[in-house]
Every structure is written in C-alpha cells, then in structure tokens.
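So the sequences go chain by chain: A, B and C.
Per my numbering, residue 1 is the first one in the first sequence, and the count goes up by one each step.
Per my numbering, residue 1 is the first one in the second sequence, and the count goes up by one each step.
Per my numbering, residue 1 is the first one in the third sequence, and the count goes up by one each step.
Heads up, a few of these hints could be off.
Chain copies aren't distinguished; within one or between two, either way the pair holds.
[Said to hold, decoys possible] In silico DSS-like cross-links for lysine-lysine, where the CA-CA straight-line distance does not exceed 25 Å:
#1 K10 x K73
#2 K73 x K157
#3 K10 x K71
#4 K25 x K108
#5 K278 x K10
#6 K159 x K18
#7 K268 x K108
#8 K73 x K25
#9 K25 x K205
#10 K108 x K346
#11 K69 x K10
#12 K157 x K346
#13 K10 x K25
#14 K71 x K346
#15 K108 x K205
#16 K25 x K71
#17 K10 x K159
#18 K159 x K278
#19 K69 x K346
#20 K18 x K278
#21 K73 x K346
#22 K214 x K278
#23 K346 x K278
#24 K118 x K346
If you are wondering where the hints come from, they were derived from the structure by calculation, not from laboratory data.
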Amino acid sequence: QDISDTSFGKGMINFVAKDSSFSLKFAPRFQMRSITSWDYVSDQYGSANHNLLIRRARLKFDGFAYSPKLKYKLQLGLSNRDIAGANDYNRNSPRYILDAVIMWNFAKDWELWAGQTKLPGNLDQLVSSGNMQFVERSLLNSRFNLGRDMGIQLHHKTKLGDTFLMREKVAISQGEGRNVTSGNEGGLQYTGRLEFLPMGEFKSKGEYFQSDLKREEQPKLMLAFTYNYNQDAVRTQNSAGSYMIRTDGSLYETDITSIFADAMFKYKGFSFMGEYVKRTAANPMAREANGISPTGDVVLIGDAINFQAGYLFINNYEVALRFTDVNHDDITYLLPTTEYTLGVNKFIVGHKLKVQSDLSYRTLDGNDDNISFRLGFDIHF
Amino acid sequence: QDISDTSFGKGMINFVAKDSSFSLKFAPRFQMRSITSWDYVSDQYGSANHNLLIRRARLKFDGFAYSPKLKYKLQLGLSNRDIAGANDYNRNSPRYILDAVIMWNFAKDWELWAGQTKLPGNLDQLVSSGNMQFVERSLLNSRFNLGRDMGIQLHHKTKLGDTFLMREKVAISQGEGRNVTSGNEGGLQYTGRLEFLPMGEFKSKGEYFQSDLKREEQPKLMLAFTYNYNQDAVRTQNSAGSYMIRTDGSLYETDITSIFADAMFKYKGFSFMGEYVKRTAANPMAREANGISPTGDVVLIGDAINFQAGYLFINNYEVALRFTDVNHDDITYLLPTTEYTLGVNKFIVGHKLKVQSDLSYRTLDGNDDNISFRLGFDIHF
Amino acid sequence: QDISDTSFGKGMINFVAKDSSFSLKFAPRFQMRSITSWDYVSDQYGSANHNLLIRRARLKFDGFAYSPKLKYKLQLGLSNRDIAGANDYNRNSPRYILDAVIMWNFAKDWELWAGQTKLPGNLDQLVSSGNMQFVERSLLNSRFNLGRDMGIQLHHKTKLGDTFLMREKVAISQGEGRNVTSGNEGGLQYTGRLEFLPMGEFKSKGEYFQSDLKREEQPKLMLAFTYNYNQDAVRTQNSAGSYMIRTDGSLYETDITSIFADAMFKYKGFSFMGEYVKRTAANPMAREANGISPTGDVVLIGDAINFQAGYLFINNYEVALRFTDVNHDDITYLLPTTEYTLGVNKFIVGHKLKVQSDLSYRTLDGNDDNISFRLGFDIHF
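Chain A on its own, in the form it takes in the complex:
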C-alpha cells in the first residue's frame, strides 16, 4: 500500500500498517467564513458589519492501534475560534485538543470510550462541524449543547427486529467541559442517549451528517432521546458558560438537568432534522456562601426547538430552511429569540469541498433584531 492510495476527501494520509498493527487516517480541514450582518436599532437596520475569518481549522488523526478493536481519535483545533477559552481551570492556556479518546470494542456490539470527546448529546452537536447543512449550527445548539467533556462512555447497539436498530449510550464525565486541568469541581455529569432507527441504518452513517447526500432510496429515520444530569454544576450553561464564582472565591453549585429529543429523516434527497431541548436547574440563581445574596450569575435555563429541512437537487445544489425558537426563563433576563434561515449550498465533493450561503432573519421578543448573510467555504481532506 503506497502513500498515494487515497483520494481527496478520504484522508490526506490513509493506510493500514502492513502487519495490521495500526491504521491511520490523517485529515486537515478548514472553513472560511464571510459574515455580513445588519442590526436593527432605533427603528431601522444600521450599516453592515463585516467579518471574514478562518472559523475552524483542524487536524484529525484517527484509526485503530494494536488491534482493530482499539480505535483512537485525536483532533486538534488551530483557529483562534477553535482554541479560545483559556481560564484559571485550564492553566490559562489555549484549548488545542478537541478530541483525545480511545474506543475499545471489548465485546460484540459494545464499546467503551475513555478520554475527551463529545458527550452523546443533541444531534446537531453530534454532527461534525464539517457536515452541516447551514453555515453554522442553530441557536438551540449554541445555547444548550452538552459539548465535549473528559470521562468515559459506554456504547451498545441492539437489533430490535429485522431492520429496527436501537443504540444506547451512557457517559460519566467531569462536568466542566474540555481541557480542564484543575480537576473536577462540584459533582460529576451523567448522560444517557437512546437512538431508535426503525427503518435500519442510514447509508454511510447518514444519521450523523446533514443533507441527504447519499439520496436514500428507502425512507430512513432516527429518533433519539438524551437525558443529562450535571450534579453540583458550576457553570451557567451546564459544562460551558461562565463559572459561577462567589466573592469568597468558592463556586456556586447546583444540579442542572437537560433533556433533548431529536429526529433525522432522509429520503431521495430530502432531509429533515428536528430538535427539542429543555434545561432546568435545582436553584438557577447563584448565591453567595450565605445562601441569600445573588452573585449575579444565573443558570441559563429554558427550552428551544429547531426544525430544518432541505432538498438536494440532482446537480448537487441544495435549498434548505431552518426555524429556531429559543425561550429562556424570566430569571435569565434573556428575551425569546426566533430565527428563520434560508440556505443554498453547492456540494462540489460532498461535505468535503462545498460552498454554502445562508440568510437569517432574527427577532427578539417578536421585534426585528438582526439580518445576516453568511458565505462559507469548506475544504476537508
């Protein structure tokens, strides 16, 4: 097997060692973005704001090591957006590592994961940022996703019939997100996700990429439910957001619960994804050690829905629509936000080489808030 036995989009370097002692797929990717947006202020839309940036730039190594039953994944972020987030809990250092995880297929249909990677949360988040239908994920996701964490996960799959497949995923993790070096604060975080695929598996794991690029010949559906319980959580957005630091330096702790329901459906170029989330907290308002005075931090509780659907034409152009509605509890002082997005995509080599554009209209508490146009270019070896 020589080095040129690979193709664009299948890994820049991709091989299995001659003695089958390991395999490697190495793939860099980067995403360029242009964003033009208009804020609505004083009864009119203001002048355009421009933003050109390398939104993501990543190096991914994956494969198996020693045995095909032991898989690994190491993903590094390179762009300033990828690595931002230095704080006192990660030695005030950039967060280069996205994933560093091993996956051990210790018995048929079972996998044990250990390390840092995405929790089995909502579907929009589980879809790689390289496989999105719109230029960016929805507001539901940015406000409520579970993100990455350090811990262990147990994955299992069960055949419920000839084609009906069920997958069960549970995770125990630190609860404060990725790249933490200072150890666990408060309690641990527990996640469970149940996936039902009544019509069998999607082509090429299509339940985990958006847009029906494989043009499923039979209708395919995944329905899934996620439950997450973060005991004695210390950050305002579960394992992201501000740390709720009291004036005495200690951390306010409260139990946060998130539930998600999501669905993916694909058929002959048509794709639909829907998500619902609700986050609650035992005592959302952070208080000082005396238990009375508010610290000013509040757990961002609330709920949201997101629906999106697209149709892929035979020339690999796609038109897609998205509707997102986010409602936070009054205690957060965040106004209800609704967003409508129209996307037009051209897939040159599937998600590996594509040009995307979308136009979003956003309201805040029912009033005009923002219009933005985004153009995105993805290259993924």
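Based on these hints, arrange chains B and C on the given structure of chain A.
Relative to chain A, chains B and C alone:
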C-alpha cells in the same frame, strides 16, 4: 508512488494521489538564532546581551485539492515568536495560523485567492522567511510591511513581449491583520501590486528568494510597484501595531496610504534587491471622540529605503551587504535610523540547510546606537 | 519503501528517503490520567478529589537530514499541561515547542547539539515521559530537575575497556528554561554529566527507559554524576519556578549549584533506579536592589533522594515500589516530604500501549498529608 520518493528540501511528505484528486507537500522547518548585541549608552558600548531562541518553527501543507486548478496552502506557526499577539480582537488566543488560503486558477493566467495570507506588498516581505539573504529582514520591512490579512486577491499575468512579463495583483481585505476573529473594524484595505519582468522569469521563481542560488545565466530583473489604501484604519502600523483605542473604548480611524517600489536583479551569482516605501495618513495623530484631545497613539508615518546585494561564490559561500535608512515623521517622535549590515552565508543545501551570520551597525539620528552579531541556522524539509 | 512498512510503536510514519537524503519518524502520543486523592485535614482524610485529564499529548518528528551525521528532533506539546507557562519572557504565549534541536555527529564518538532540548540532568528527567515506571515522575524530579533549555551541548563517549563505557556530556545554555524569547537574563548555565556503564550498554538503550522490558540477560548498570552551575540565576527553581522580580522591576540574581548522582540497574526483569540531588545557592534569599529588604522569593535549596525498583512478570505485569524523601532548607519554609508509592503496570505493547496504576502515601514533616490513587493510560505510535 511511495513515501520515500522525495528528497531533503523537497517536502518531508510529497505526493500526488494515484487518482490525481489531490496533492500534498508537507514541510516542517525551523530557524535557530543566536544574537549578541551591544547598546551604545553614556558614550560607550555596554556589555553584551545574549539571546538564543527558536525564531521560527513552522509546518506547511500545500498542494492542490480536487483539481490542479484549485490549490491550497495551510501554514502553522509553532514558536513563541510566531504565535505571539493575543489580544481582544482574536479572542486573546495565540495566532497559530499563518496562512490558510485557497487559490483558484479559474481561467488561463488568472487566479482568485481567498482566505488569510500575505498581501501583495513589498518584496522583502513576500520572500519567505526561509529564503532570506540575511539572518533577518530589514528595518524597512519590520516598520512598514503590509503583512498578512484576511480577504480575497486576484492575480493575473500578461505577456508584454517575447520575454517581457507583467503580473497584476489586487487585494481587498479586512485591514487589521491576521487571525482577527472579532470582525472588521473601520473600513477595508485595498492593495494593488504591479510586477514587471522585462528579461523574463527567473529560474525556479528566483524573484521570490534572495541570493542568486540558481546562478542566472542571463541577467534577470523584476521591478514592482505596490499601492495600499487602508480606509478608516485603526492600528498604528497599518494592519499591525497598536490598536488606537480611545478612552471611551471606541477606535480612532484614519485613512492610511502606503506606496512601495522594489526591484530584484540577479546574474551569475550576483543579486541585488532594493526597496523604497512611504506611508502617509490622512490624520496621523489619533484623537479622542471629541476630535481634539490626542489619545497618545500616532500612525507611524514616514519613509525608508533598503538596498542589499550579495555575491555567491562557487563553494556556496556568499558575502552580502545591506544598507537601510528609515525616516519617520516628526509627529511619531521616532528618530531616523540607519543600519549597515555585512552578512556571510554558507548554503549547504540552498536555503533548506544553511548557516548565516551577520554583523550590523546601527545609528540613531546619526549617533552610535547598537552593534549586533547574529548567527542563524535554518533547516527546511 | 511504502508507507505501511511500519508497526504500532515504531512511528506512525517512518521512512528513509530513497536517495538517503533524510529520514523521518513521526509519532504522536497521548496520556490519559485519572487521579483520586484524599487530603488529610483536621485529623482525618477528607472526601475524594477527582481529576481526569489529558496529561500529555505530543507530536514528535525525528530522524536525520541531509546526512546521517546530522540528526534532528522536533517535539510539540498539545495538552494544556504541556503548553502552560506563558509569561513576560516568552511573549505571553503558550509553550508549544518542547524540543527543537539538531545533533551533529562531527567526528567519531562526538556529537554537537544545538537548540532547545533537555539538559543532561538527572536520570528520571532524561527518561522520556512515555517510558516511566510509575504514572508520574518522583517528587525529587518535580522539585529539582534541570528541565529543558536553549543552548549547545557536546556529547562524547569513551570505551574504558572491553565493555566498560563512559559518556561525557557538557552543556552551555541560557539558564531560564524553554521557549524564552526575551533573551538571556543574568548569566549562563553550565552543565556536565558523566555516565559510567561498567557492564556495557543496556539493550535498546535501556538505561533511558524504566522497567526492564528487555529482560537483560546479563546484569547492567549505569552510574552517573551531574554538576550544574547557573551563574546569576533569576528563578527560584534554577531554570524553572518564579522569576525573582524586585519591586523596581529588575531581577534578583544569585549563583545556583545543583549536583546529582543517579544509578540504573536491570537484570532479568528486575530494575532499580536511585537518585540523589542537592541544590545550593550563593545567596538563596532574594533581596531588593538595596541588598537588604527581602523580596519574598527564595531559591528552593535542599536535597532529596529517590529509590524505585520493580519486577516485570512473564505476563508483562509489573509491580514496583518507590520511596522519595525531599528536604528543603529552613529558609524555604517548605516542610520535609516523604512519599511511598506502590505501582502495578500492565504493558500491552511495552511502553507504547500500557495501563498503569499507583497508590501513594505522603507525609509532611512526618505527619499524614495525602493519599492518592492514579490510573494512567498511554498510547504512543
């Protein structure tokens, strides 16, 4: 094509996929520097200051993707000097990405570039830091170069005769430099560069590396002119230097114009490079929102010249001389600086493996200021 | 030679160019750690603290360039623990580069090293963090090691008899540790290390990895002595620790001397490593420019011993014990610390794929202080 089909200096990994769907050249390089310098204070040279450092350490990926008409370049900086520059406009994160750009040859003689890379500015800057004649670029360059920016560029070339070649390059970019994540401040930046090669192309793109390593058999010349207009610029050195922040948090904006003229000449081991630059600003003194009180920041306007020449002996030793003269406007309170540098280089494998040394004598407003001796070692796979 | 001619643990990519102009071994590795610890407070052990983290994640490139006599090594750290340490002396940037060094075999038995890498200090430090017998190095090492520095090293080896081998290593370096960009502070640092191998070389350079994985058939021993003199040192732990900054912004300087003696012995699965260190300083208490008022900083002078031994069973399980005793001088206000560690390791593919666990009991000035249990997983391509 197997992995060992490459040579030192031609990429650590270098191949075209068997199906011609992409190519990759991966090349790490690093530069070690030793600097000993003596400052002139109180009528004499003081004791020596030492500085040993990894000046640059970089990983470069380039090649084509999907089609030979679509080229990409991704370059990462690794050394502390490479990645420094965290600020509020890049999420207080290190600036890991140097280049992330795609280059699309959409029609004969035309290329469209998109992403982050060097602007078509002055020649000394356009020459890669791995291909320099002296241990470091000139003072002209460090004070006036246009650097890297996010945006688009359009490149074209025109045959003006049998050998006479002209290249035209224009760019529109954000104007605040590389790795900005916070969007555009002030206005955009516009750059145009015109290159004339009356005697035809240099060997191996020799107009873009210093020293006549290819020993041109015919005299070769490039003359070029660059015009740059940064509308409502917000930094003191065009797209580098301090942000001109007012006490109310807003940014002072003024139009900055830079013009460059440069030339490269090579013939039988002899090489010459000359550069002239002039930077002006509509209102160089930054003022508070009231338009009257100075903020203390000043656009570093002024002009400079740099001449350098070298001769490469048959044993691949080179002796080179450089003269640089920098004059800033009085408003900047920077004194005129003149620098004379004598360099001696040994090219073991061209610019890929070399030892360089240079000795510089610098005056400030005509008075003794500094003597420094630098030793550099470059390795470039 | 094609890309798949390598095996797990022998480099993810490993080849010599067809024209023998260079070679490359590229190896990523990462270490996951779980730490559970109980502090002794108020006459009892408190509740457990948990810490899950990616302790190290590294990319290493090494081989030869241009000639087999010129070797290079470039090692990058990726984890937040690896890159932490931004300060005013390294442009407030993460310390991404661990090693960037060239090694020139300029004459038989001689090597000249230049760049940034580990100084020839104590053995526990010289053993790669990928080849340790316990989950982490000893307290002796964390308090007293010489670490990495920028400079040059000269290595030589001498045959003293049929099997008796001696190695001599000397280094001159900046003295403030790795990734410094601001130049040398105070004086330089001088290191000498002498290694004696009376019974000849260990298998596979076994004196530089812990645990007797090669099961030496003949007893093998290395005895070594290191002397280090850091002239006008400015940090509290020689080339690590706090910079001793005075209120006037200048740095307090004093001469620091470290001596080390260490030994490695291996025979038929049994391994022993012992180390002794003593650090002294001319004037350990940092004082203000007036030479009288203490600044609050103190050079962490003192001495320490560390002994560890293990036995590797035929099934590649190992049981190991470690005893460490650290005594700082009274001036440091650090209490004597003693640590007893019991380790159990399972080597799946030697040090390349292993699971390690250890249980430590620590006393402070003879009183109960801490119990901790660590679990480590290493994967090294």
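Comparing the hints with the structure gives:
With identical chains, the CA atoms of K10 and K73 are at most 25 Å apart both within one copy (16 Å) and between copies (18 Å). Only within a single protomer do K73 and K157 lie at most 25 Å apart by alpha-carbon distance; the minimum there is 21 Å, versus 41 Å between protomers. With identical chains, the CA atoms of K10 and K71 are at most 25 Å apart both within one copy (17 Å) and between copies (18 Å). For a Cα distance limit of 25 Å, the shortest separation of K25 from K108 inside one copy, 24 Å, qualifies, whereas the shortest one across copies, 35 Å, does not.
In the homo-oligomer, the alpha carbons of K278 and K10 never lie at most 25 Å apart, since the shortest distance is 37 Å inside one protomer and 49 Å across protomers. Taking CA atoms no more than 25 Å apart as the test, K159 paired with K18 passes in neither setting, with 34 Å inside one copy and 40 Å between copies. With identical chains, the CA atoms of K268 and K108 are never at most 25 Å apart, being 32 Å at best within one copy and 38 Å at best between copies. With identical chains, the CA atoms of K73 and K25 are at most 25 Å apart both within one copy (10 Å) and between copies (20 Å).
Taking the shortest Cα distances, K25 and K205 sit within 25 Å of each other inside one copy (17 Å), while across copies they are farther apart (31 Å). Taking CA atoms no more than 25 Å apart as the test, K108 paired with K346 passes between copies only; the shortest distance there is 24 Å, against 40 Å inside one copy. For the homomeric pair K69 and K10, the shortest alpha-carbon distances inside one copy (21 Å) and between copies (20 Å) are both at most 25 Å. With identical chains, the CA atoms of K157 and K346 are never at most 25 Å apart, being 35 Å at best within one copy and 30 Å at best between copies.
Taking CA atoms no more than 25 Å apart as the test, K10 paired with K25 passes in both settings, with 8 Å inside one copy and 17 Å between copies. With identical chains, the CA atoms of K71 and K346 are at most 25 Å apart between copies only, with a shortest distance of 19 Å across copies and 33 Å within one. Taking the shortest alpha-carbon separations for K108 and K205, only the intra-copy value of 19 Å comes in at or below 25 Å, while the best inter-copy value is 40 Å. For a Cα distance limit of 25 Å, the shortest separation of K25 from K71 qualifies both inside one copy, at 11 Å, and across copies, at 21 Å.
When the C-alpha separation of K10 and K159 is checked against a cutoff of 25 Å, the pair qualifies neither within a copy, at 30 Å, nor between copies, at 40 Å. In the homo-oligomer, the alpha carbons of K159 and K278 never lie at most 25 Å apart, since the shortest distance is 29 Å inside one protomer and 65 Å across protomers. Taking the shortest alpha-carbon separations for K69 and K346, only the inter-copy value of 18 Å comes in at or below 25 Å, while the best intra-copy value is 37 Å. Taking the shortest Cα distances, K18 and K278 never come within 25 Å of each other, neither inside one copy (50 Å) nor across copies (50 Å).
Proximity of K73 to K346 under the C-alpha cut-off of 25 Å is restricted to the inter-copy arrangement: shortest distance 22 Å between copies versus 29 Å within a copy. Within a single copy, K214 and K278 get their C-alpha atoms no closer than 32 Å, and across copies no closer than 57 Å, so neither meets the 25 Å cut-off. When the C-alpha separation of K346 and K278 is checked against a cutoff of 25 Å, the pair qualifies neither within a copy, at 34 Å, nor between copies, at 44 Å. With identical chains, the CA atoms of K118 and K346 are never at most 25 Å apart, being 28 Å at best within one copy and 28 Å at best between copies.
Violation of the numbered hints given earlier is confined to hints 5, 6, 7, 12, 17, 18, 20, 22, 23, 24; the remaining hints are satisfied by the structure.
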